[in-house]
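For chain S, the structure is supplied; the task is to place chain D on it using the hints.
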Amino acid sequence: MKTNYTISSIYHIAKADFLERVRSYYFLIALGLCIFMIYSFVPPIGAGYRIIFLGNYRGFYNSAWIGGMVAMCIPFFALVNFYVVNYSVKRDIETGVGQIIATTRISGLQYLTGKFISNFTVLLLITFLIAIMTIIMFYIRGETSHLEPGKLLLPLFIFLVPGMFIISALALFFDSITNMNKGLANIIYFFLWIIMISSIMFSHPIDIFGINAGMNELKQSISELCSDWSGGYGVGIGVGNPHAVYKVFTWEGMNFTVPLILSRVLWMGAAFGLVLLASLRFNRFDTSRIKISESVNSWISKMNPVIPNDYSTSSKIRYSDLPVAKAEFNYFSLVAAELRLILKGNATLWMLITSVLFIVSIFTSLDFAHKIALPLLWFFQVLILSKLGSREVNNRCQEYIFSVALPLRRQLSATMVAAVLLMITLAVPVTVRVFLTGNLYGVYAIATGALFIPAFAIASGILTGGSKLFEVIFTIIVYGILNSVPLFDFIGAIKGSRELGIAHYLMVITFVFVIIAFLARKRQTRNVL
Amino acid sequence: MEISVKELSKKYKGNKFGLKNFNLELNNGILGLIGPNGAGKSTLMRILATISQPSEGHVSLNGIDIVKFPDTVRKVLGYLPQDFGVYPNLTAIEFLQYIAAIKGFTGRSVRIRIEGLLEELNLISVRNSPIGTYSGGMKQRIGIAQVLIGDPRLLILDEPTVGLDPEERVRFRNMLTDLSGERIVILSSHIVSDIETIANDIAIVYQGRVLEHQSPDALLKTVEKQVYETTLTIDEFDSFRTKYTVSNSMRKNGGWLVRFVLNSGDSLPDIQVQPSKGTIEDAYLRIIASAKNGGSHED
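Here the protein sequences line up with chains S and D, keeping their order.
Residue 1 is where the first sequence starts when you use the working numbering, and the numbers rise one by one after that.
Residue 1001 is where the second sequence starts when you use the working numbering, and the numbers rise one by one after that.
Please note that a few of the clues may not be correct.
Okay, the calculated beta carbon distance ranges per label pair [as the list claims (entries may be wrong)]:
#: 1; chain 1: D; residue 1: Ile1064; chain 2: S; residue 2: His504; range: 44 to 52 Å
#: 2; chain 1: D; residue 1: Thr1197; chain 2: S; residue 2: Val324; range: 23 to 31 Å
#: 3; chain 1: S; residue 1: Thr103; chain 2: D; residue 2: Asn1253; range: 49 to 57 Å
Worth flagging that the hints you see were computed from the coordinates, not collected in a lab.
Beta carbons are placed, not taken as given, at the ideal position from N, Cα and C, and that holds for glycine.
With the rest of the complex left out, here is chain S:
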């Protein structure tokens, strides 16, 4: 009887969560991103970039190579798909469903297992789509029409499925820390992910996704078959010379040894250990503990405990005695109010990191300040910026805020101006230093970036009603900059981006985002609910 209840409750938790997710816009966005990624990760021969580096060689586009290439891109899928499944427990807190669940007989472990199964099922569905897309890519990019399904799809099964399992567990682990702000969890995961990526470069023995094992296989094959291999290998987005000629190496696929498969199983076991660990410290939606931790995030709330109703005083004022406010619209006052709204209530950690990076951008070498400190400084505003477009809806203020006069011209534009002012203020040290070197393109590019990021954040927030889309894409863009990818250079610091005219394109894209934001908000203000 108890077993039936356990299985049934886990099944229904998983089913409800799964349905909720696959019916959300984010799921569609994630699918779209995955399709785009696979399309990009199997680049056409002669494209200006490579995903798998093999020195002076490139792989012959057969089943084994295309399957291996997609499988080796698991870290990139790990980045995007974490954000697809990372908000499950916290959603139950926000909707109040958690408190209903907490009053049932279901245990913390059963609840989290249900959530974990849902996470994994969602990611398996995405993996299935990746597999289909890989077959399609074989026919689009393949240099042979001889499809070998085993060689094409087995690497996906051996690498992607355990990888998705690990991501499901990691996401749930972060999610179950109900005291942690969900945006902060996203940032922490991003840095954890960078560490994981870095471990590939240094062939670190901690091989969570099995990439080192896979790349070692590849390295061994090429060194045996190609005596003139120049050495050097890796996975990542690398821009090269489109006209460069590489020698072709025909790979017959990976040798899936027992140790390799066993290591995948062990990592899956370790990942499930995270679920068990999460269940031990899961607080069953104890609102008192959640509230306390929320206030810890905000320095202003920390100083003010929850206030009970106060009957000690009774008002003697009558409405008719109140002075009438003078109708006098002042745009600067509104921008100042918007700035206050943007800056208030942010975590102490945010203030600290922003201050440190701001100082770093003044006192470090210009190259470091421009290429590293400024992107990171702006990146640390991601949680502030990502809320801007959806703030009214998420705080349930939209009905009375959208019913004020001229909501687009006044409120929306003031939000944009305030966000741009924040970005510009943070970039002042680097901008002045770049200007003093006479690099006017750099100044123009930074200004473009300061306009582009808020416009993108607000437009995506209004369109999606949430913050995730901007958070994920902005994270990827910043990762691109930190890896010197000119295509992502919104600050004019990467060699080659000026020649590509990235800042000009960004200016046009910014303009498009502003138009989208205004049109979408206009529609929103006339169709609440």
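Same frame as chain S, now just chain D:
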């Protein structure tokens, strides 16, 4: 000021109507909207507040079409939605200053008015605390304060007394009656007593239509000699309430003291009954019961 609502319909997906051929004429004063859940009260209020658009029909303020020219309403509007939130990290003063700024009110006069409103709404002692730390009733009062910042000529208040404790409800009712002059106040509530004491007019809404739009006195007349009381045993009560509209019941001496309303077509039960004075709630129940039976509530 006058608002005219003509043949207004709001159609949702699946051919469901929030409002259907809704008609209403309003002049200065307080209109109370009452009706069951899903009757269309909030839909009407959202359309009047210009944040939702009708599928058909016309709504005008002083003869100007508010669907085409929403800013006509927005300039004079104070709107309190049924379910709303606040920015939790702002203090009451900061939040109200923000709302004032987007409504186009700045300067010293606004600061003084905000202080006064907080005083009147009994929030002055917590004005510098973040709203996120407030109780539910206090947040509701912040919502009421944001409505009144610009001394609006048109107030739309959707369930304004939800979350207020009895003392605050009384205070709020007194405040509304204090709102005098050239303005229209439209408020909805499930609590009939919140409306009957302050509204000049009451509109009973059901299934997207107005069933009645009358003064409280006129509504009371519809239940004259239609309300009775009787005492029943527990067994009698079970069968009685399937035949009559019971507006109130309370346990008394091992049985039930039952208050009931006669609907059109009902005859008095063959038991001892005493006539009772009708209330707006009796009138409301009688009109809704009649509409549910598909008939007219008029005798």
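Hint by hint, here is what the structure shows:
1. Range check, Ile1064/D to His504/S: Cβ separation about 45 Å, and the 44 to 52 Å hint holds.
2. Distance hint check: the CB atoms of Thr1197/D and Val324/S are about 27 Å apart, consistent with the given range 23 to 31 Å.
3. For the pair Thr103/S and Asn1253/D, the beta carbons lie near 39 Å from each other, so the given range of 49 to 57 Å is not met.
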